[in-house]
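Chain B: place on chain A using the hints.
Going down the list, the protein sequences come from chains A and B.
Using the numbering used here, the letters of the first sequence map in sequence onto residues 209 to 654.
Using the numbering used here, the letters of the second sequence map in sequence onto residues 209 to 654.
Only true hints are included.
Listed next, with one range per pair, are the computed distances between beta-carbon atoms:
{"no.": "1", "chain 1": "A", "residue 1": "502", "chain 2": "B", "residue 2": "620", "range": "20 to 30 Å"}
{"no.": "2", "chain 1": "B", "residue 1": "283", "chain 2": "A", "residue 2": "650", "range": "48 to 58 Å"}
{"no.": "3", "chain 1": "A", "residue 1": "279", "chain 2": "B", "residue 2": "264", "range": "40 to 50 Å"}
{"no.": "4", "chain 1": "A", "residue 1": "384", "chain 2": "B", "residue 2": "235", "range": "39 to 49 Å"}
{"no.": "5", "chain 1": "A", "residue 1": "260", "chain 2": "B", "residue 2": "562", "range": "39 to 49 Å"}
{"no.": "6", "chain 1": "A", "residue 1": "534", "chain 2": "B", "residue 2": "279", "range": "48 to 58 Å"}
{"no.": "7", "chain 1": "A", "residue 1": "316", "chain 2": "B", "residue 2": "421", "range": "41 to 51 Å"}
{"no.": "8", "chain 1": "A", "residue 1": "536", "chain 2": "B", "residue 2": "264", "range": "34 to 44 Å"}
Cβ-to-Cβ under 10 Å is the rule here; a few derived chain B residues that face chain A:
{"no.": "9", "residue": "475"}
{"no.": "10", "residue": "557"}
{"no.": "11", "residue": "564"}
{"no.": "12", "residue": "594"}
{"no.": "13", "residue": "596"}
Hint data in this document are derived by calculation from the structure and do not stem from the laboratory.
Bear in mind the structure is a predicted one, so any value in this text is a computation, not a measurement.
Note that CB positions come from ideal geometry on N, CA and C, so glycine has one too.
Protein chains: 2
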Amino acid sequence: MSTQTATTTLDDVIPAIVDWCEADADARTELLRRPTQAVAAQTRSAVADVLDDVRTRGDDALRELTERFDRVVLEDFEVGVDEFAAAEAAVPVELREAMVNAAARIERFHAAGMTAGYNVDTADGVNCARIVRPIPRVGLYVPAGTAPLPSTALMLGVPSRLAGCREVVLCTPPRPDGSADPAVLVAARLTGVHRVFKLGGAQAIAAMAFGTARVPACDKLFGPGNSFVTEAKQQVAQGGTVAIDMPAGPSEVLVIADAGADVAFVAADLLSQAEHGPDSQVLLLSDDDALLENVRAELSTQLAALPRAAIARQAMARSRLLRVDTLDTAFDISNRYAPEHLILALRTPRDWLDHVEVAGSVFLGDWTPEALGDYCSGTNHVLPTGGAARAWSGVSVSSFQNTVSVQSANAAGIRAIGPDAVTMARAEGLDAHANAVALRIAKAAA
Amino acid sequence: MSTQTATTTLDDVIPAIVDWCEADADARTELLRRPTQAVAAQTRSAVADVLDDVRTRGDDALRELTERFDRVVLEDFEVGVDEFAAAEAAVPVELREAMVNAAARIERFHAAGMTAGYNVDTADGVNCARIVRPIPRVGLYVPAGTAPLPSTALMLGVPSRLAGCREVVLCTPPRPDGSADPAVLVAARLTGVHRVFKLGGAQAIAAMAFGTARVPACDKLFGPGNSFVTEAKQQVAQGGTVAIDMPAGPSEVLVIADAGADVAFVAADLLSQAEHGPDSQVLLLSDDDALLENVRAELSTQLAALPRAAIARQAMARSRLLRVDTLDTAFDISNRYAPEHLILALRTPRDWLDHVEVAGSVFLGDWTPEALGDYCSGTNHVLPTGGAARAWSGVSVSSFQNTVSVQSANAAGIRAIGPDAVTMARAEGLDAHANAVALRIAKAAA
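For reference, chain A alone in the conformation it holds in the complex (with noise of 0.2 Å):
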């Protein structure tokens, strides 16, 4: 009696399942309508105050306002040489060794993908190439708040040191105690980030945009965070001189599933986005009705088991189980959708990769799930969400890396191509370019 009333409660939580070919075009609009992203003007206003605050009073304001946000006074907020050996004692063997794993084939997997340069003749006597330089300053932003995510720092710090960007800074929330959390700290120091301070919220992200005296401003923020860090991110982007990776927003996963796929995989694999945060999106794609009410009624059975069920509950209250006519209809609504995590829990899923139009990062198979690059199969984890996979990509190397243009002419260059530049200046009226090709070509003549 007992089990039957929990199962009926969590079955009121679960969403029923949709027919998608049933639904007509507003009612697809709502299945796929994300979970609000507008920022409350309150955040908004609020956000705003400490990047004033930080910009104009430095450090006072930072020693403020993270005894204000993080119950906490410090007098010097960077880890010195002795917390980062108390950190190296405190974390336990295995998570080292599991980070080392991790770091390792990140590092083999992005190192592989770094922006080259090269070059190439365009005309006789014309060269034309690219030269990649790291960006110089960086900043990292690993999130502390219900858990502390090493993970992350893994996920910044590596590709930053593949690029060799000259000062590569990390801001982490301090803990009540006025420590750093020790496996973060370990994390950064496995990929070389040269110096963390324990700053959180929108006071870090105002630090590595503008400078304090202690604090170096950075060219380029990356890293997700609450709702103060992404907007805080978002507003010191807006000058133009701070760039960031991507606009963050709550996390999401797709999963497009056949009738042979492993029933509890696929509802393990939803629940694990789910825990993330009340806001998380959780979607389950099928042609197979059995597979899906199938899983339905796993979910109800492993969300009970959850340590964090109170968070993945909200989560999957706002989930979707859609029934497909068929999987390519399927991967219209995931490319319509660009979902952040794609995971194919198909019979023969690399076959399908071609119909992936938009997406953050795609897991092949049974056994691929999402933890996988969360955390440790080499692929990066801080990836677009909210859409924005229809035009940025997952952080990777190129994200430190600038690439300038070269170019190389010599007098028979000038006079191979410079004619050319003369005709398309004079049409746009501008006689000074042609001036400055037509002195050469007169001078390459003579």
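Frame of chain A, contents of chain B only:
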């Protein structure tokens, strides 16, 4: 006597040569300060009004705004077959040929630098890959203020075609008679742009960002523009659903010249930047007094002969002629300034390339004026300004591409790396993540 007077007037406009080494820290900051880029509150709210209007009233708003700002009544904004045909007939053969040549060189250079896919086995049974996809729908803006810029249509159109974007939309302001500039239309056709709309200013950006009944919504917007266009791009990008190529601002050049540089060439290059607009910025750095003084005199002479002298004179009034002790110092200054265009008028320019840490595009030696890159060397002329070169790169094919990571594990793979994921997930308190992996490890071991 009259020559004497003219020279005196011009000398008044062109600032005196300043010795960098004798300037203190504050003076140096002032010397490298760019003309203010603060957006007037008036511009900001005018743009916000235009965006709101187009978002809510669509094509009706576009019609009214076009009448108000471009002083032309257009029933339909889209360029049709007849107008394209008329444009082909109207463009001089020589200009068409120059554009065809330029497009071919731009294509050759850009095609060699496209982001490519790759894959790596990061562990036994674990494969990680990057696949590359075009950004589905892109919007290109081609200004036509003081002069239409068909070259910009080439710079944006060629890489969008190489990337394979599904829908490429181009907006350019209508002329007083309601037609679009014929050269821009020919350039758009040459590069395979799919649809061209006669829309300018903030209303064009709004149309491509939000979509109307007539104009498709785009995922990413590209291209330069006046202060209204660039502010509109910044505002639509704040929502996090539309991406933009980069923050844009006034154009700028920094020239590093040695004693052997050609005085007339250097002066011509400085002026070709200055004619862009009154807020363009121009810096010349040299370790040779005679070169600096000779260029200063030559600037007066060449300036007097320019059709756009009024504009160039305003920009030259804010130019900097800096004497440095060594070329190393010149490169330190350049890296601090982070110029859009960097001309190395040096005897062995390639030997100095390692000193370039940040810049948009570099021009090597006496025979490579900036105007070559602006039109037809093969590189792109849509480049980061205002110091944005520290964290942004010029437009390339990758600006039109998304990368998607793809991972695939088999049972051996989950056995090999799954335990690391479980350990890290538990350390982060994410039990559903650990569970999704542990379930598979158990089944793989069975």
